[in-house]
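Student: Just need the whole structure built from these sequences, with the hints factored in.
Sequence order for the protein chains is A and B. For the first sequence, UniProt numbering puts the final residue at 361, and the numbers step up evenly by one. For the second sequence, UniProt numbering puts the final residue at 361, and the numbers step up evenly by one.
Mixed in with the good hints, there may be bad ones.
Because identical chains share one entry, a pair is satisfied inside a single copy or across any pair of copies.
Computed cross-link-like contacts, SDA-like style, restricted to lysine to any residue with a CA-CA straight-line distance of at most 20 Å [claimed, not checked]: (1) K303 x R343; (2) K303 x S53; (3) K321 x G272; (4) K321 x P259; (5) K356 x D242; (6) K356 x L293; (7) K345 x L289; (8) K94 x A126; (9) K274 x P95; (10) K77 x D40; (11) K352 x G240; (12) K345 x E250; (13) K345 x R247; (14) K303 x G240; (15) K356 x L248.
These are computed hints drawn from the structure, not numbers from a lab.
Number of protein chains: 2
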Amino acid sequence: MQTPWLIRPLHLPFLLQPTTKNVLVIGGGSVGAIAALNLDVGGLANVTITLRSNYIPVFFQGYNIESCDHGKLEGWKPGEVLSAVPDLEKQGQKPYDYIVLATKNIPDVPPTAVDLVATALPKDNAHTVLVLIQNGLNIEKPFLEAYPNTMVLSGVSLIGSKEVRPGHIVQDEHDRLLIGAFANPNISKQDILEERAKEFVELYSRGGKTDCKYSPDVLHDRWRKLVYNACLNPICAITGLDTGRIRLAEGAVEGLVRPAMREIVAAAEALGVKLADDVVEYMIGVDPLDLYLAPSMLADVGKGNYIEFENLLGEPLREGKKAGVAMPTLEVLYQIAKALQWRTKAERGVVKVPPKRGEEE
Amino acid sequence: MQTPWLIRPLHLPFLLQPTTKNVLVIGGGSVGAIAALNLDVGGLANVTITLRSNYIPVFFQGYNIESCDHGKLEGWKPGEVLSAVPDLEKQGQKPYDYIVLATKNIPDVPPTAVDLVATALPKDNAHTVLVLIQNGLNIEKPFLEAYPNTMVLSGVSLIGSKEVRPGHIVQDEHDRLLIGAFANPNISKQDILEERAKEFVELYSRGGKTDCKYSPDVLHDRWRKLVYNACLNPICAITGLDTGRIRLAEGAVEGLVRPAMREIVAAAEALGVKLADDVVEYMIGVDPLDLYLAPSMLADVGKGNYIEFENLLGEPLREGKKAGVAMPTLEVLYQIAKALQWRTKAERGVVKVPPKRGEEE
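Tutor: Written out as structure tokens, the structure is:
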């Protein structure tokens with residue numbers, strides 16, 4: 001749905017302070033909305049957000065946000081609310097300073113994250129900095145391939161928030177965001193990567209309502225989060241048990257969760273990333289048992305959505321195996337997750353299932 | 001529900017031929033009903049059946065059976081239809097010649113199969129022969145422990161039948177039943193085991209409508225069926241895909257089904273059971289793809305029933321590992337199946353889940 005005449009009513013660049021950066025946030029679910037809010041209240045960013053499923057309610061009524069960081073906001077909107085990623089060339093628009101990707105990242109289901117930003121990123125881009133507030137491993141690689149001179153930042157978010165209905169966000173755990181720069185061999189001055197990362201931290205945290213930090217060791221942050229995301233997340237999705245019940249289920253932690261997590265720790269170590277000794281036990285208990293929280297993949301399977309299994313599970317598995325680490329538990333979890341993804345594709349008619357014998361095509 | 005005064009109206013032993021055997025069939029679902037029917041039409045058995053969920057319709061109206069072996073039967077009943085396993089001592093009844101167990105065998109959810117037959121089997125039984133038409137490995141062991149002098153026969157059924165509503169059985173694949181004797185070191189004359197097995201084959205196949213054979217190599221028959229039952233069955237249950245879709249799902253056969261099946265073949269071999277070279281490929285394709293058949297565990301998960309994962313998956317896994325075989329795929333499948341079973345217990349309130357924080361007990 002394109003409503004171009006409605007799109008930019010409040011875009012008044014001549015009122016902006018000189019230090020203000022133009023930031024496009026792609027994806028305005030529970031992570032993207034809070035990111036846009038933090039950038040907005042900091043006052044250093046002119047924020048545009050592009051939405052898909054919740055565009056209509058947010059465009060007309062704004063977000064309703066109940067946030068442990070920001071309090072209760074009714075009808076809040078960033079500067080611009082768009083229904084699609086803008087086409088800079090068609091619209092004769094200058095490049096953004098930052099593009100924040102806060103969508104799910106599902107490379108096995110088009111459009112990929114790279115496809116998604118294509119119209120907002122000039123082919124030879126060196127100006128716009130990409131910020132991937134997305135989970136998993138190697139998510140920067142397709143961008144560095146398509147846009148070799150683009151600076152790509154890593155955002156590892158530890159927020160607890162969900163969109164309870166379209167445009168209504170409940171954030172009940174503090175936003176903690178670790179920002180660092182992905183290595184990019186094509187950037188001649190490496191300092192500039194760190195500079196941009198720190199600048200983005202400043203834009204994001206100036207409002208004082210959030211805990212956003214510069215973190216130089218992107219790989220460490222990502223592997224650490226994978227101890228949860230490559231293990232508990234698919235195990236809960238596959239068994240249909242939340243993070244409380246999986247701990248109550250006899251033998252499930254010992255038989256599934258802990259072995260999987262140890263494989264991630266071993267893979268990280270083989271790749272030069274030393275995780276804290278207590279990371280496995282910490283991640284097993286990180287969600288309070290009696291909140292019975294559903295990790296993202298479990299929630300997605302329940303809603304018939306695609307799951308982010310390739311970046312969360314497939315990539316660390318492939319990297320670990322390449323480094324010679326035995327990962328038998330993650331291997332089977334990966335194969336099952338892949339079958340679940342195929343099931344969703346079949347249910348949506350994206351892959352074709354021939355008719356049953358004796359039934360019409 | 002006990003209705004003792006209704007129970008035995010047609011029990012007229014003085015009319016029976018001298019060679020007639022008294023047979024109790026426990027469990028009258030899709031397998032037990034066809035077993036009772038074969039024994040009944042053979043004319044050599046006086047058949048009593050005990051039912052649970054379908055007792056009311058079968059007691060009052062009999063079975064409706066649409067069978068590729070027997071044609072269409074309306075209102076068929078064996079000699080006696082009971083709502084519970086009889087208590088021989090209380091009723092002053094003499095022991096059965098055969099007790100056929102055709103229920104699911106779920107040792108992790110009481111009552112166990114041994115509990116189930118208890119009142120129909122004298123403690124020091126040496127007369128009644130048990131016939132276990134049930135899947136999986138080591139199912140005879142609890143019986144041999146509780147009733148050391150009891151002869152236990154193995155029934156490996158390859159029937160394709162289902163109960164579409166209570167008392168209504170549709171059998172669309174031929175009944176093929178392999179009968180052999182489980183080894184029992186306490187039986188002094190080993191020949192008698194083989195004799196009884198052959199006698200039961202005669203009772204079962206005399207009607208001429210079925211393919212029931214004596215098969216001396218019980219372990220071979222059981223491991224062969226496990227290639228399907230320990231692998232495809234739980235993989236379908238876990239992924240939610242039937243045996244057609246699992247073959248269509250990209251990578252699922254290569255990544256899950258085949259590795260799991262090869263582990264079963266290796267475990268069998270380590271235990272002295274050589275399966276045919278083509279058994280893996282045969283079992284992958286044994287269900288016609290375009291019928292999209294749901295194996296029993298998938299059907300059970302869908303209905304919120306318990307799954308037979310301990311005998312089908314747990315026992316071969318434990319035996320294989322004990323014999324030194326690496327079984328990484330089955331290990332993970334087993335742990336997941338165990339978590340699914342726990343989920344069913346939790347959903348039924350059989351295990352207690354503490355209340356969510358902030359919610360009343």
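Student: Now, for every hint given, state plainly whether the structure supports it.
Tutor: Evaluation of the provided hints:
| no. | hint | verdict |
| --- | --- | --- |
| 1 | K303 x R343 | both (13 Å within a copy, 19 Å between copies) |
| 2 | K303 x S53 | within (14 Å within a copy, 33 Å between copies) |
| 3 | K321 x G272 | within (14 Å within a copy, 33 Å between copies) |
| 4 | K321 x P259 | both (15 Å within a copy, 17 Å between copies) |
| 5 | K356 x D242 | between (35 Å within a copy, 12 Å between copies) |
| 6 | K356 x L293 | between (38 Å within a copy, 10 Å between copies) |
| 7 | K345 x L289 | between (32 Å within a copy, 18 Å between copies) |
| 8 | K94 x A126 | within (13 Å within a copy, 92 Å between copies) |
| 9 | K274 x P95 | neither (38 Å within a copy, 68 Å between copies) |
| 10 | K77 x D40 | within (9 Å within a copy, 76 Å between copies) |
| 11 | K352 x G240 | between (26 Å within a copy, 17 Å between copies) |
| 12 | K345 x E250 | between (33 Å within a copy, 11 Å between copies) |
| 13 | K345 x R247 | between (30 Å within a copy, 15 Å between copies) |
| 14 | K303 x G240 | both (12 Å within a copy, 15 Å between copies) |
| 15 | K356 x L248 | between (40 Å within a copy, 13 Å between copies) |
Hint check: a violation occurs at hint 9 only; the rest are consistent with the structure.
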